[in-house]
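Asker: Taken in order, these protein sequences are the chains called A and B.
When we follow the numbering used here, the leftmost residue of the first sequence carries the number 1, and every step to the right adds one.
When we follow the numbering used here, the leftmost residue of the second sequence carries the number 1, and every step to the right adds one.
Do not rely on the hints blindly, as some may be mistaken.
As the list claims (entries may be wrong) - Simulated restraints, written as ranges between beta carbons of each label pair:
(1) 166(B) - 141(A): 52 to 58 Å
(2) 220(B) - 239(A): 38 to 44 Å
(3) 34(A) - 304(B): 31 to 37 Å
Stated by the list, open to error - Here are the simulated lysine-lysine pairs, BS3-like style, with alpha carbons at most 27 Å apart:
(4) 286(B) - 398(A)
(5) 241(B) - 398(A)
(6) 398(A) - 161(A)
(7) 241(B) - 387(A)
(8) 331(A) - 372(A)
(9) 470(A) - 39(B)
(10) 89(A) - 39(B)
Worth flagging that the hints you see were computed from the coordinates, not collected in a lab.
Note that the Cβ used here is the ideal one computed from N, Cα and C, for glycine as well.
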Amino acid sequence: MNYRLGIDVGGTNTDAVIIDEKLNLVAKVKTPTTEDVTTGIYTALRMVLEQSGVSKDDISYAMLGTTHCTNAIVERKRLCRVGIIRIGKPATMAIAPMADWPSDLVQVVGAEYFIVSGGHEFDGREIAALNEEELRSAARALKGKVDAAAVTSVFSPISSKHEMRAAEILREELGALPISLSHEIASIGLLERENATILNAALAQVAKTTAVGFRTSLEREGVKNARIYLCQNDGTLMSLDYALRYPILTVACGPTNSIRGASFVSGRHNSIVLDVGGTTSDVGVLVNGFPRESSAAVEIGGVRTNFRMPDLISIGLGGGTIIREVNGEIKVGPDSVGYRLTEEALVFGGNTLTATDIAVRLGLAEVGDPAKVSHIERDFAQAVLNKISAMVNEAIDKMKLSPDPVPLIVVGGGSIIITNEVEGVSEIVHPENYEVANALGAAIAQVSGQVERVYSLSEIGREEALRRAKAIAFEEAVKAGAEPSTVQIVEVEDVPLAYLPGNATRIRVKAAGDLKNAKN
Amino acid sequence: MERIDAQAVEHIALGAALLGTGGGGDPHVGKLMALQAIKAYGPVTVIKPEEVPDDAVVVPTAMMGAPTVLLEKIPNGEEIFRAFNGLRNYLGKEIFATLPIEAGGINSMIPIAIAARLGIPLVDCDGMGRAFPELQMVTFHLYNVSATPMTLTDEKGNLIIMETINNHWAESIARNAVVTMGGSAMLSIYPMTGKVLKEAAIINIVSYSARIGRAVQEARRVGENPTAALLRVTGGFKLFKGKVVDVLRRTEGGFARGEARIEGIEEYRGESLEVKFQNENLVALKGDKVIASVPDLICIVNLETAIPITTEGLKYGHRILVLGIPCDPKWRTPKGIETVGPRYFGYDLDYVPVEELVKGGEAQ
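In isolation and in its complexed conformation, chain A is listed as follows (with noise of 0.2 Å):
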């Protein structure tokens, strides 16, 4: 037999599912995450493995999903220093990078920068050839000062041929550093590609860390002949190789898990998802098994970016949410006692009011002491369940596509709370092990692979357009270990280029596929 393994890193749990090649749940477990991160890895691996008594070596694949990077950025420690290459010269000379990032981050990511002539235009064309003795004298000024460089020309997304010659010379002048490329990360929009591709080269640390931890925790365990890939924002997998190259890209793979988590434990693959935790409640939407995609720019520890992330609403609710009546009137958070609910809701022997203690009152959930909350009258608590629901209804409102009910699915830890009364919605899923969605979603994990491209349309033609763009996008999905008979296209996207002639259009496509079943 075989067994995967996955992991979710959550603010304030750490989840662990093993799940045998059926994708029937064999073990679950749940620890609190721990500051720093590894040590609740580690703890949970070694409680589910404990739990779950199947032959470590049969552990055949590994997945984690991790806030590691996210929380890099955010804290600012442990990133790499990075060296800036910019192609495109003598355009974009007007601003410069990192012109709109917060002056901490700049001091701690940013060495030097160097723009060079080359770069391309729109319909493929050079707008300079690319200058190899300029980039080699930024190499060599460069030399000794960076851990890491960051390479972004413009419409790399078109023609990547200056990127990947810069890539070369860098490799030649500065030897084995780390080095990201554009093209590989993000889409058409210069600055935020070059964010996005900056903030990556800065990760490398971190990812060198998260991957060699999560690889060392695991032969500690003595699990050894695992296949170990790390969760990606889009609701697929990466091999730890990838995850060195590209570890931006496992930014906010946390909600993305829950909501291909909950695709899985439901059996449901078009629908909205709820994913309640202690503090806050994430809303998406379950497009054909993968998470909708954001269209708008997103911003990461105060840098914008473009590269692909979920579309999410949050809500202040949760579990531990403080329950209020202020003036006769009932308040609903924001704040929440969080981690500490099973110290302060009154339901487990604190002061506290609770979401969760609401829930019990009601006879919703059976957890802690109901006897602690039965002096709390009926009607409040009922106005107070009244509220959250309306709280949801608003938000899943806001996510749905159309008027038409739509099936909610409802995971989380915090998921108790909800009520089967949300407006319109076809149905309300609570589905089995909902608690570990997360984790689940981490261990079904599929690969992909994405293209994103600019066509001529009145050369070749938006049919063929198409098909080329998905036929590379099928092979990425193929190189990046996908099973060739389970790729699908997942999603599609074209949006012709306003205001010239000559039908340019930007087309966008993603293949997934389950991982090739191969025991090693």
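Given the structure of chain A, go ahead and fit chain B onto it with the hints provided.
Answerer: Showing chain B alone in chain A's frame:
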């Protein structure tokens, strides 16, 4: 408004993006250029059209091409000065001030960057009071001002000086030149005297943009609904509230045309709206009834943040508010309607002012 500082740049960018009615692109790059110029050279002095001497020359400055290209191929920063100085040299006259040609994401910002660096004033007016896609779609054109001589520059150092027989030729030749130059270029256009400007421009547009941006930001700060503030400060009409459920696009003659279908939420539940666009939003239809059309402004904003959404950014699932804002009276003249009315954009319907349509008037 007397001066534009960094704070005012933020406000103007937001307000102008709204008045851009879906066109004009994301103001981000333009904003960074304006902010950088103000940081280096100090705030920009804003003057009213009546403060421009009758015989002084003023020149609008702008970017032409695809906003998406500009977001990728950031300008060199010098091309706009070469366009400006090139036109000055050709005219053989000093230029007293600059102004935006339109209220739109990028083009509300470029003239601020120029004014800051050259130390000249920015006139509180423009040629559209909103955004339109073509060079002759300005009120200057209605007053027979010639678009040329104009200059067009790229980041490589190319500079084109054009004289054309009319403003439609200027649009057509410049559009093709811009593609050759790489999809985005800078221009100086419609040189005119203070006397003409006073008659032909749409006044107060810079300060109006700033007022809109300020109201939205203030509303957010105090926790008020920013879309309510938007309706109040613009005097616009709430046309619709809903979710974008479909966006169809096609490219025709270099322009992205298409329709967005929006399904109603809250008080509009059960209704649906169709917005037709060609870069800018042109016609809004509820069922088969027109509820607003060009030249009036049809603005789409994010329902929560009141941040304007461009037609390029319009996407499945967006939750939006649609506003109708009456256009400047200059556009409601016969020549104005002929230049930018629904028929010019290929719609077989007569223009009826939005304020009449919301009262129940009918467009044919």
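Asker: It remains to establish, for every hint, whether it holds in the given structure.
Answerer: Evaluation of the provided hints:
The beta-carbon spacing between residue 166(B) and residue 141(A), approximately 53 Å, falls within the hinted interval of 52 to 58 Å. At roughly 43 Å, the beta carbons of residue 220(B) and residue 239(A) sit within the given window of 38 to 44 Å. In this structure, residue 34(A) and residue 304(B) meet the distance hint of 31 to 37 Å, their C-beta atoms being roughly 35 Å apart. Distance hint between residue 286(B) and residue 398(A) is fulfilled; the C-alpha atoms sit about 21 Å from each other, no more than 27 Å.
Annotation: proposed proximity of residue 241(B) to residue 398(A) holds, straight-line Cα distance about 12 Å (limit 27 Å). The straight-line distance between the Cα atoms of residue 398(A) and residue 161(A) is roughly 42 Å, outside the 27 Å bound, and the hint therefore fails. A C-alpha spacing of about 24 Å is found between residue 241(B) and residue 387(A), which places the hinted pair at or below 27 Å, so the restraint holds. Taking the CA atoms of residue 331(A) and residue 372(A), the gap is about 21 Å. The hint holds against a cut of 27 Å.
With a CA separation close to 46 Å, the supplied pair residue 470(A) and residue 39(B) exceeds the 27 Å bound. With a C-alpha separation of about 23 Å, the suggested pair residue 89(A) and residue 39(B) falls inside the 27 Å cut-off, and the hint holds.
The earlier numbered hints that this structure contradicts are 6 and 9.
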